Amino acid sequence: MKLIIETLRRIHTWPSYHLIYEWEDQLQKEMINSCFFYHSFYSNKIIRAHEILQLNGVALDKNLHLFFEMLAEKKKNIFNRSNLIPIVIDFFLSRKELMSFEKAHSHNPLVLITSLEAYEWLKKNECKLNIRHWPLSLPDKYRISPNTFHNKKYDFVLVGRQNSVLKSYLEKYVLENPNTIYVYEGNEKFHYYTNHGEYVGYIESREEYISLMKLSRIGIYSTPGMDGSRQDTNLFNQVTPKFLEYIACGCHLLLRYPENPDTHFYELNKFCPHIDSYLLFEKKVHYYLNHKPDLQMYEEYLSKHYTSERIKQIKSFFNEIVII
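For the record, in the sequence shown the residue sitting at position 22 is 22 according to this note's numbering, with numbers rising by one throughout.
Check before you lean on any hint, since a few could be wrong.
Each computed DMTMM-like pair below joins lysine to aspartate or glutamate, with the alpha-carbon atoms no more than 20 Å apart [claimed, not checked]:
(1) Lys152 with Glu299
(2) Lys242 with Asp232
(3) Lys242 with Glu300
(4) Lys103 with Asp90
(5) Lys315 with Glu6
(6) Lys124 with Glu102
(7) Lys214 with Glu22
(8) Lys75 with Glu102
(9) Lys242 with Glu267
(10) Lys62 with Glu6
(11) Lys172 with Asp227
(12) Lys284 with Glu176
(13) Lys74 with Glu120
(14) Lys152 with Asp294
(15) Lys128 with Glu97
(16) Lys141 with Glu300
(17) Lys242 with Glu259
(18) Lys214 with Asp294
(19) Lys242 with Glu299
(20) Lys128 with Glu73
(21) Lys124 with Glu259
(22) Lys123 with Glu97
(23) Lys270 with Asp294
(24) Lys153 with Asp294
(25) Lys75 with Glu97
(26) Lys153 with Glu185
No lab work stands behind these hints, which were simulated from the structure alone.
All of these numbers come straight from a predicted model, not from anything done at the bench.
With these hints in hand, go ahead and build the complete structure from the sequences.
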């Protein structure tokens with residue numbers, strides 16, 4: 001039996017999918033007898049034709065299929081098949097949407113939930129699906145050691161979604177400390193500048209994104225539902241890979257997060273307490289700018305969260321699967 005990793009890389013090229021493709025690449029490399037199935041608009045029409053023939057949910061072959069589901073599905077879809085395991089990345093559904101989620105995955109033999117907070121919520125609400133917790137990870141290509149060295153050029157690099165409270169603290173800090181240099185995304189997507197007017201560049205690829213983060217002394221991060229940073233979360237606060245990326249890039253961390261199963265699992269308090277005031281923000285920044293991060297601790301921490309560790313876990317899940 002083969003493992004077939006169904007990928008959307010020929011359909012979706014948006015940067016938010018690039019990390020998914022890195023996970024897929026490592027899975028394909030490390031899983032014995034595995035290969036890719038490249039989705040296209042044409043292939044999806046073929047799969048939908050089987051639905052029209054009332055074969056929805058029936059495996060099209062006897063191989064095991066794997067698919068990364070960016071948002072928790074709640075509608076009828078071509079991935080609800082008895083030989084396919086979806087990996088749900090963002091789960092932001094409400095209690096009233098749970099039945100739709102169950103129907104959308106009714107034929108899947110196993111559903112992997114990346115958020116421990118969402119997994120425990122589903123268990124508490126008696127989800128009828130066969131679910132397991134499979135945490136998000138950092139691809140091994142970003143592995144660090146205590147000897148890892150990054151030449152720090154900026155005090156802060158702001159990439160991706162920003163937390164309004166931490167951003168306001170930073171702006172106040174910069175007013176009081178005008179020599180502070182931070183990088184931010186301008187009004188044009190992927191164009192980055194410093195607060196001193198320097199154009200940093202067009203940053204779109206994963207390589208450019210990580211390279212820019214490595215130049216930062218301090219990373220600012222919050223879970224997505226904190227302070228309304230992201231409007232569609234239903235107050236779920238999953239720890240996202242950007243947290244792990246900042247660590248791999250040798251950055252100190254300023255964090256805002258709630259106490260929940262996800263933030264406990266990823267031990268956010270090991271790196272920074274919840275920043276609940278400007279005074280604490282200021283105190284941490286002063287310390288960080290005068291001390292290097294503990295890369296020995298960073299290395300030991302990340303060793304638990306590389307994708308290779310998650311692959312060991314997923315292999316044990318696969319042993320449970322019987323394809324109908």
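### Message
Of all the hints numbered above, which does this structure not satisfy? Sort the numbers upward.
### Response
The structure breaks none of the hints.
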